[in-house]
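Asker: What follows is the residue order along each chain.
2 protein chains.
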Amino acid sequence: MPVHHAMRHAVTGGKRLRGFLVIEGARICDGPDATHAAAAIEALHAYSLVHDDLPAMDDDDLRRGQPTVHVRWDEATAILAGDALQTLAFELLARPKAHPDPAIRAALVLSLARAAGQEGMVMGQALDIAAESAAHPLGLSEIEALQAGKTGALIEWSGRAGAVLAGADPAPLGAYARALGLAFQIADDVLDVEGSAEATGKAVGKDAGAGKATFVSLLGLDGAKSRAATLVEEACDALSPYGARADALRDCAAYVIARQS
Amino acid sequence: MPVHHAMRHAVTGGKRLRGFLVIEGARICDGPDATHAAAAIEALHAYSLVHDDLPAMDDDDLRRGQPTVHVRWDEATAILAGDALQTLAFELLARPKAHPDPAIRAALVLSLARAAGQEGMVMGQALDIAAESAAHPLGLSEIEALQAGKTGALIEWSGRAGAVLAGADPAPLGAYARALGLAFQIADDVLDVEGSAEATGKAVGKDAGAGKATFVSLLGLDGAKSRAATLVEEACDALSPYGARADALRDCAAYVIARQS
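Order-wise, the sequence lines are chains A and B. Under this note's numbering, read the first sequence as residues 1 to 261, first letter to last. Under this note's numbering, read the second sequence as residues 262 to 522, first letter to last.
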């Protein structure tokens with residue numbers, strides 16, 4: 001069945017940043033196995049990429065170094081594969097193996113739905129599309145609001161989820177992931193200017209070509225890099241309660257602005 | 262924000278059969294308020310219609326007597342509104358107001374995800390699309406498998422959900438809804454031949470025009486009506502444990518094959 005192949009294609013490759021945050025957060029909070037929650041956020045993220053790449057949305061041909069789903073198969077398969085990946089995310093979180101306590105499972109379903117829905121990720125994507133036909137490019141606060149929805153909400157969820165699985169306070173890891181997510185997006189804008197399609201596995205130079213406001217167009221290349229570096233420091237500061245146990249998350253924060261892809 | 266308006270548009274009108282089944286099932290099992298679960302299944306059903314109507318899928322302009330979402334707004338808005346309606350369905354089920362016991366909430370999320378996903382509704386839609394380019398029209402058992410996924414899985418979930426909310430055995434209401442769902446789809450095929458766009462609120466004659474196999478093309482008009490009537494009897498038989506309390510569900514079964522829209 002093409003939809004199954006397309007789903008597998010869509011979850012193959014990528015950095016798996018969100019799944020890493022879930023698993024590492026659970027580990028440093030002495031939580032249980034977090035594989036189901038990590039797989040859930042990766043499935044949800046993959047759904048958003050498949051739909052975002054569609055011709056009616058960003059119309060991208062290349063993702064993670066491979067043809068996008070609608071290019072490899074067709075639009076109907078891409079719509080259905082994205083739909084089924086979203087469904088799969090909630091199925092994974094609701095399975096008893098995700099956590100023995102159903103209250104934790106229901107809480108994670110609820111928080112993921114809020115992060116992904118019309119007040120979170122979908123709102124960010126809708127703002128992004130509306131910006132393309134807006135009379136004026138967005139300002140900095142508007143770009144930050146857009147990114148807080150489009151990528152920030154899921155990354156923050158990923159940071160908090162490990163602590164939630166462990167029954168620990170999710171606030172420090174949430175603050176870490178919130179700063180990390182914004183730094184990640186600024187670094188993406190920098191890569192769109194400085195990176196190559198070979199290294200990033202997706203088209204570059206699209207935003208500047210489309211005249212879209214980005215962190216680079218608003219802050220300049222140096223200003224954007226400086227802002228990202230400050231956010232990475234903030235992210236690392238939020239990890240202080242965990243001491244050396246959080247070193248992998250500190251490395252992850254440094255990687256987010258040093259990466260070439 | 263257009264996405265919010267489009268979501269509201271998509272959940273307006275319709276028969277609300279699935280929500281009715283949830284609420285009525287909960288009532289006859291002496292269950293708690295079932296509004297959240299009923300709203301969840303209607304949101305999920307609405308998402309499936311919005312995406313199914315897209316140009317890359319069934320390419321329909323009319324739904325519930327109104328322009329479809331991509332006609333009224335655009336394709337990007339329809340993709341995002343459908344996505345957000347699916348998310349909203351899981352959010353509604355996971356809210357504490359859906360049921361005081363988180364185990365019940367997690368169980369309903371899990372069963373809905375299984376009914377909606379790549380082994381349920383999405384599989385049915387993918388089979389439906391594949392049938393359009395198949396060398397031969399589908400046979401009866403293939404059409405039944407397709408419909409069991411495309412519409413049957415969600416209708417059966419709707420039948421079972423009320424009993425699950427009530428902590429009762431969901432098997433009788435599940436059997437009722439399974440038979441009802443198939444009768445409903447056969448009646449849809451009959452309406453596609455005998456109905457009018459004014460009464461049904463959607464395009465008619467599409468399946469015959471496209472040379473698609475339907476229950477009518479396989480069984481004939483009288484054969485299809487007879488099969489639907491038999492299924493309605495089976496559905497009503499499954500309600501015998503509930504006595505007169507289930508009369509509204511019996512009326513609903515009779516309505517499914519008598520309806521003009």
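If you're looking for bench data, these hints aren't it; they were derived computationally from the structure. For clarity, every value in this text was computed on a predicted model and none was experimentally measured. For each residue, glycine too, the CB sits at the ideal point set by N, CA and C. Heads up, a few of these hints could be off.
Quick look at which bits of chain B chain A covers, simulated, 3 or more residues with Cβ under 8 Å [stated by the list, open to error]:
id	segment
1	345-354
2	418-428
3	445-451
4	461-467
5	503-510
The calculated label-pair distances, taken between Cβ atoms and stated as ranges, are [stated by the list, open to error]:
id	chain 1	residue 1	chain 2	residue 2	range
6	A	A258	B	P316	41 to 51 Å
7	B	R269	A	A210	23 to 33 Å
8	A	V193	B	E405	33 to 43 Å
Asker: Confirm or reject each hint.
Answerer: Hints, verified against the model:
With 7 residues having a beta carbon nearer than 8 Å to a beta carbon of chain A, the segment 345-354 of chain B meets the requirement of three or more and the stated coverage holds. Proximity of the segment 418-428 of chain B to chain A, defined as three or more residues with a beta carbon under 8 Å from a beta carbon of that chain, is not established by the 0 residues found. Judged by the Cβ-Cβ criterion of 8 Å, the segment 445-451 of chain B is not covered by chain A as claimed, because only 0 of its residues qualify and three are needed. With 0 residues having a beta carbon nearer than 8 Å to a beta carbon of chain A, the segment 461-467 of chain B misses the requirement of three or more and the stated coverage is violated.
With 0 residues having a beta carbon nearer than 8 Å to a beta carbon of chain A, the segment 503-510 of chain B misses the requirement of three or more and the stated coverage is violated. Checking the proposed 41 to 51 Å range against A/A258 and B/P316 shows it holds: the Cβ atoms sit about 43 Å from each other. For the hinted restraint 23 to 33 Å between B/R269 and A/A210, the CB-CB distance of approximately 30 Å keeps it satisfied. Restraint check, A/V193 to B/E405: a C-beta distance of roughly 55 Å breaks the suggested window 33 to 43 Å.
When held up to the earlier numbered hints, the structure conflicts with 2, 3, 4, 5, 8 and fits the remainder.
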